[in-house]
Structures are given as structure tokens and as C-alpha cells.
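Colleague: Here is what each chain is made of, one letter per residue.
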Amino acid sequence: MTKTKEESLQGELIKNFRFLDGKITVSRPRRMSAEVPPANFREVLEYAVDKLSFTMLCAITGLDETANLAFIYHIAREDGIILNIKVAVDRNNPAIETITGLFPGADVYERELVDLLGAKVEGLAKGSRYPLTDDWPAGEYPLRKDWKKNDTKEVTNA
Amino acid sequence: MMGLFYMLVFPGFIFLSVFGMAAEYCDRKLYARLQNRVGPPWFQPLADFIKLVSKEEIIPEEANPSMFKIMPVLALTATITAFFYIPAWGYKALYSFNGDLIVVLYLLTIPTLTFFLGGWYSTSLYSKIGAVRALTQLFAYEVPLLMSILAPALLANSWSLSEIAKFYAQHPVYWFFNLLGFAISMISLLGKLEKVPFDIPEAETEIVGGTFTEYGGKLLGLFRLGIDIEAIVGSALLAAVFLPFGLGLPPVAGFLLFVLKVMGVICTLSILRTIFARLRIDQMMAFCWKVLAPLAFVQLFIDLILKWIPLK
Amino acid sequence: MHKVVIPIGPQHPALKEPESFSVTLSGEKIMKFSARLGYNHRGIEKACEERTYVQDVYLTERICGICSHSHSTCFTQAVEEIAKVDVPKRALYIRTLVGELERIHSHLLWLGVAGHEVGFDTLLMYTWRDREVVMDILAMLTGNRVNYGINMIGGVRRDVSAEQAKAILKAMDTLEERTKYYIQVATQETTLIQRLSGVGILSHKDALKLGAVGPTARASGVNRDVRRDDPYAAYSEVKFKVITDDHNDVYGRTLVRMGELLESYSIIRQIVKKMPEGPIITKVPRKIPAGEATSRYEAPRGEDMHYVKANGTEKPERVKVRAPTLANIQTVAKMLEDRQLADLPIVIAAIDPCFSCTDRLTGIRQTGKRKKNVLKWEELHTYSITFYKEHGIDFTDLNKKMAKALK
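Chains as they are written, first to last, in our numbering: chain A, 1359 to 1516; chain B, 3 to 314; chain C, 339 to 745.
In case anyone wonders, no lab produced these hints; they're calculated from the structure.
Any given hint could turn out to be false.
Short derived list, chain B residues pointing at chain C, Cβ under 8 Å [what the hints assert, rightly or not]: (1) 277; (2) 281; (3) 285.
Below, computed lysine-lysine pairings styled on DSS-like, alpha-carbon distance capped at 30 Å [claimed, not checked]: (4) C:341 with A:1484; (5) A:1409 with C:672; (6) A:1381 with A:1409; (7) A:1409 with C:547; (8) B:71 with B:53; (9) B:292 with C:367; (10) C:625 with A:1503; (11) A:1503 with A:1381.
From the three backbone atoms N, C-alpha and C, an ideal C-beta is built for every residue, glycine too.
Could you build all of it, start to finish, from the sequences and the hints given here?
Modeller: If you want it as C-alpha cells, here you go:
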């Protein structure tokens, strides 16, 4: 049986990064996911973009996994294959490196992680925040699971 | 006493206001019908005017109140004054002297200047950009307009509108040679009236309301009335210079013919504004200087040649 | 020359939705452009985590008013993938049908808006009149003009009858004829071309680098379309061309959208012809097994992406939405480099921005420090009822009557 495109991409990644063995899954045609330790994230991403032509960044998803915060980078190829690279970092120090060097368009996605999950994105250029308001209180991250919404409303009645 | 009547009632303020609103209605209705819409009822311009006049007057804190208030009045008076020198029916205008053509053109420039000053003294950013655009645009369309109206005057050998009308009524053949000038002045008039494709100074999608952003209530009402009357006066000027037919008719018929001519010009303008998109200010400048102005020169030459070599 | 900074928005006639741009001008030339997004932020991602999957279908539908079907389809696809449901063929065809009808109404809407932004209101009036044709079809099929509510996890909620199919085909003929006329207008009308061509240039390289999607990318020669590259619903069974253009400007984007309109008509004809018989929905358990899925959908504005993570309960663990405008908005600053102020509205409009899609998530507004003015939600509710009672609007009697009638 010949190998599918996804399987050969999987093999290629494992060949170059031994630690990925068993960490890459192909859930269905055109869908791959990989779990990468934060220290190796950059080289895996660069390899996937430069050598395996995953040239488009679809989005960055932020997840709260109680102990960790996880970030999933959805990158896609022209032929429709998506690789979801998942990076889990410590909740108390959720530091990740910016990827705006590779994808200038990642800027807003990373700002979103900063605002909603409290990620620390190193190397992200200063700019206006997105998407929360400027007077949003510090240390409140709505997408964290332990965040409780305060169900009171401010009304200005005469 | 008669002078006051002329000024205030006929053919002055009241007549022009009614006529202006009627023309606005025709313009809006035609525009709407061409766009496949129903369009406003006949009293809409009047209703708009009454609504605006009954509203509170708001003057921006930073604006210069006297300049802000005086500009709409100035625009209105200038246009009404200009009308007195245009031969509406018959050969003779209400007031006429040798050189009134220049005066009319000058008076018709004043509204644009008031748009500029009104916008500038509103101190709003949108108004200022609109004001600068209005002035920039003035330099673009004024030259072709002036030249294309100058050409028939040269041929008629007079600076008086009444004299020009008389000349062309006596030599109707020459009218045919001025058609190019008619087209040029029509396009320039679109620029003067700030209508699409030349509504750049008040392009709502870019600078909100342009010059008139800060204006509201009575002052805006006066400005709008001024623009309506400017449309009438501009069209009447073109009709007098370029459509000199049936001037010998009895008063009532002559008057109706005049109304028809003006409405004809107004309707042509509405059709033009239906079929175009708004240009950018740089494109407008380029078009006026590179296309319209040379064409106006051609018109000038045609008339000069006709003057040396008379047709008969 | 003197520099001025003018604010465009949050409220501005050129913007149909609140968003704030700040433009630094030197004369008429744009020196700097910056955007502050987030004015339409409603907290939908967080809200999705607190609702069941079925409720979320309706919630995602409300992310955007124009591409509502895109978001709900994208979401249900992800959930169906996690739950490993086989969606009936006929349901997939109906989803495709509604999706394409939505694309038609969105592109016609865009054409009108573009006309308005360049001051060509006649085009606006004409295209929006013709848009009514497709709106009527959508209302006939789904019961709604927007927010169709046709999707359900496991299928669709309404079937298409033979008469409806006939009406669709008839409408396609009308629309095709009209669209051809608009193509003629757009390619021949001088002032329109002058305002569109050469404006908002986005080179092929920049489009790739900034991650542009949809017609914006395709007008820069990026041959990318999720319908073909990553086929979903019934797209693998219909033939269509991916329209690209190498004008790189607003004119190109107009041509791409008009070309896509023609393609949509052909897709719809094929769908109606090929639609298989059978059920339109399968039963899906309320609790979705743990798992995750990424789903893509080619919305009218470009690629829409949803990521859903399930944890075995009836509510999702995480729903992530990336609407097409968020990917495209970053190209605007590039497009506006050294352009005139007059080009700003059309350049922004040309990516067909949809800010409510973009800003889909916000928490609830935090209370300020002024304790006196803080009311609990219930208190506010009571307050509003008593307030209107005092002003003569009282529902107490009516409530009692209704209760009695129910008994």
C-alpha cells in the first residue's frame, strides 16, 4: 500500500525531529496534529513552513487545560492539509515566542491570546490592544476556565 | 417700491425659492426614477426646508460665530443678485449693462467661496478638508466654464448678456457652432454645483458631510436653498447664452419657454449624475485641465474664426 | 505640508459597523493608517462554552448577519467530525445550496456597497433590487432572509421541494442575466474603472505574507479556495472554477466577486439537478465524545475556520472562531500606503469587512468603582418593570390573563 500524503509528511517530521515520534496523529484526510515541547516549537514550525510548505497560518487557538495553557497553531498547505501544532506552557508563566517574523499576519491572533488568556508573547511589537476595551481591568482573562463573569451591570440612571 | 418687489417677490427671492425647490424636486424625482426607486413626493424640498428652519441652531464652540452665521446668507444673496442680470424672457434682463456677464460669473463664484469660508471657520477636520477640496475644485472647473462662456460673447462682440441673447436671436446659425461650449459649460456646472461625479467636497463616505458637517438647522437650510437657487441661476445662464430661441414670444409664453429651458438643463444634469461614480480630486483636476480646458480653447478658436470669416 | 490626523469611526458614514480607524493625512495623502478593532466584541467564544451544542449552532449563526450560514455550517462540521456522524447526502447538498445562495446575496450586497463608497449610488440601487430575488429564495427555503437556522448537528432542518427547486432555477436565470449586465457596467464604465483600478494594491507576495483570504487574496493571484482545496459538504461532487485575477487592486476584487457570482449560479444548477433523495437528518447524541476538530469553510469573504474541542459532556470545552475579516484586515494598512483619502472607503470596503464576525468575543462589562450605580441584573430587571409601570405600561393583568387562558 502506498503511503498517503499525510503519512509521508508525518514520516518526514519524525525523521527530522526524533522527539515527535508518537506525537503526530492523522485524524482524517487533510488533518494532522502534533504536540511539540515549547523549547523545540520554533524549529518545528520553521521546518514545517520552509521545507514542508505549510505556508498559511489559519489561526492560533488558545486553550486552558487547567495546569497548562496550550496554544494551537493551525497551519495549512495549498492542497488543504492542516497541521495543528500544539504547544503547552505552564499556566503561571505562559510565555511563548512571537511568530510575526514568519507570519506578519499573526499579530492580531497573538494580541487576542494576550488579552483573553493572559499569554506572554515575547517579541510582539507594541500596539493597541485587541479585542478588549482599553479600560479592561488587568489580570482578568475571560477565556481562562477559572474566570468568573461578574454578572452585574453598570447603569447610569439619573 | 417696484425695486423692492423685484427683489423680494418676482423675479427675486420668493420666485427663485419656489422655482429652486421645484427644480430640486424634479432633480431628485428623476434621479430616483432612474435608480429604480419611487422618489420623494412633490412637497419634499419644502418639507425639508421647513424642518431645517424649525430646528435649533448649533454652532460649534470653536467656530467663529459671526463668520459661521454670515456665510449661508452671503451664498443666498449672491445667487439671487446674479439672477437679475440674466435675460430670463425676452431680450432684456431686469438690469443690464455692458459687462454684466462678468458680474454674473463673479457672483456665481461667491457661493463656492462661502462654502470654503464656512467650512474653514467650522474648525472641524472634516469641514476643513471639504473646504480645501471645494476651493481646489473651484480652480479646476472655473477656467473651462469661463472660457466656454467667453467664446460666444466674443462672437457676439458684447459683454452684456442681453446683447448676446439679441445677437444670437438675430443670427441663429451661429448657435450651432457653440454646442461644444454648451457641453463643456454643462460639465463645469456639475462641478460648481458639487454634484456627482464632482461632489468631492461633500463626499459622505470619506469626510462625512464635508463643508456642511457642522451646519444644521436654519443655516443649513439657507445653504441648501442657496444651492438650489445656484442651480437655477447657473442653468438660466447657460440657457441664455447657449439656447437663445423664441425670445420674441409674448410674456407668458416666453416665461414658460424659459422655465422649460432651465428644467431641460437641470434634468440633463440629473441624468449625468446618475450615470457616473464620484471622481477623486486629483482625477477631477486632471480631467478639467487636460480635457475640458483644451476643448474650451477649441471653442474659443471656432468663434474667433467665425468672427473673421462671417458666414454670410 | 501640515499633517492632520482624522478619525474614521467608531461612527462614520463609510462604516456600516462600529470600528475605529485613525488616518494621518498630509494634504489628501494618507501617511499612516491604524486600526483599533474590538468595538463589536460580544463574547461568543466564551458563551459557546456555557451552552449546549445545539444552542451553539444557533449562537454561531449569530456571529455574523451576512455569512451566518458559513459560521453555523463550519461549527456543525467540526462537531460532526468529533462525534463521527455520517451526515445524509441530501443534507450536505442542501447546506451547499444555502451556502451558495448566501454567497450570491453577499456578493451582490458588496457590489452595491462598493458603488456607494465611490459615490455611484445608481449601482447600489440596482444591485440591491436584484439582491431581493435571492433574498426571497432564501426566505422561501428557510423561512428567514438572514440567520437561516437551517443547520442542525447531523443534517438540516428543512427539505427542498420540487416547486422550490423550480423557483430557484428560475431565479438563477434572472440573476445570471443581471450579473452579466453588471460585469459589462464594471468593465466599461469609465468613472467606475478610474475609481477602482490601481487602487488598494496588494501584491501577490504581500497577500501571501499577510495571510489574506477569499476574494481579496484571489484578486492578487493567490489560487486558494477551501471549496476546492479542502472540500466539504457537496463541493467534491460539483464542478466549478476558482476565479483568480492578477490586477491586485480593487478592480480585480470586483471582477473576482462577479466571476464567483457566475460560478455560484452554475454550482446551484448542478446541486438542484443532482440532489439525491433520502433523509435530511440523522440523530446525534446530546453528549459529544471527547475529541477535537478543525473545520474550514469558504465564506463569501474568505476562509472561515472553527476549532472545537469536546470533553464528553453536552457542552464544548472550547470553540475558536477565526472569521475571514480578521485575516484580511491586516492587509488594509498595506493597501493604503501612499494613497489618497478618497480611496480609503473603497479600499476598506473592498475586503468586504464584517466586523461583527471579527470581534466575536467579549466578556460582560465590568462594574465600575461607583458602587451607588451598580445594580444586579435582577434588580435592573425589576427596576425596568417598575419604571414602565409608573409610566403606564403594565403587564401584570395581561400575565394573569395569559396564565388563565393556558389553564
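Colleague: Flag every earlier hint the structure violates by its number, smallest first.
Modeller: The structure breaks none of the hints.
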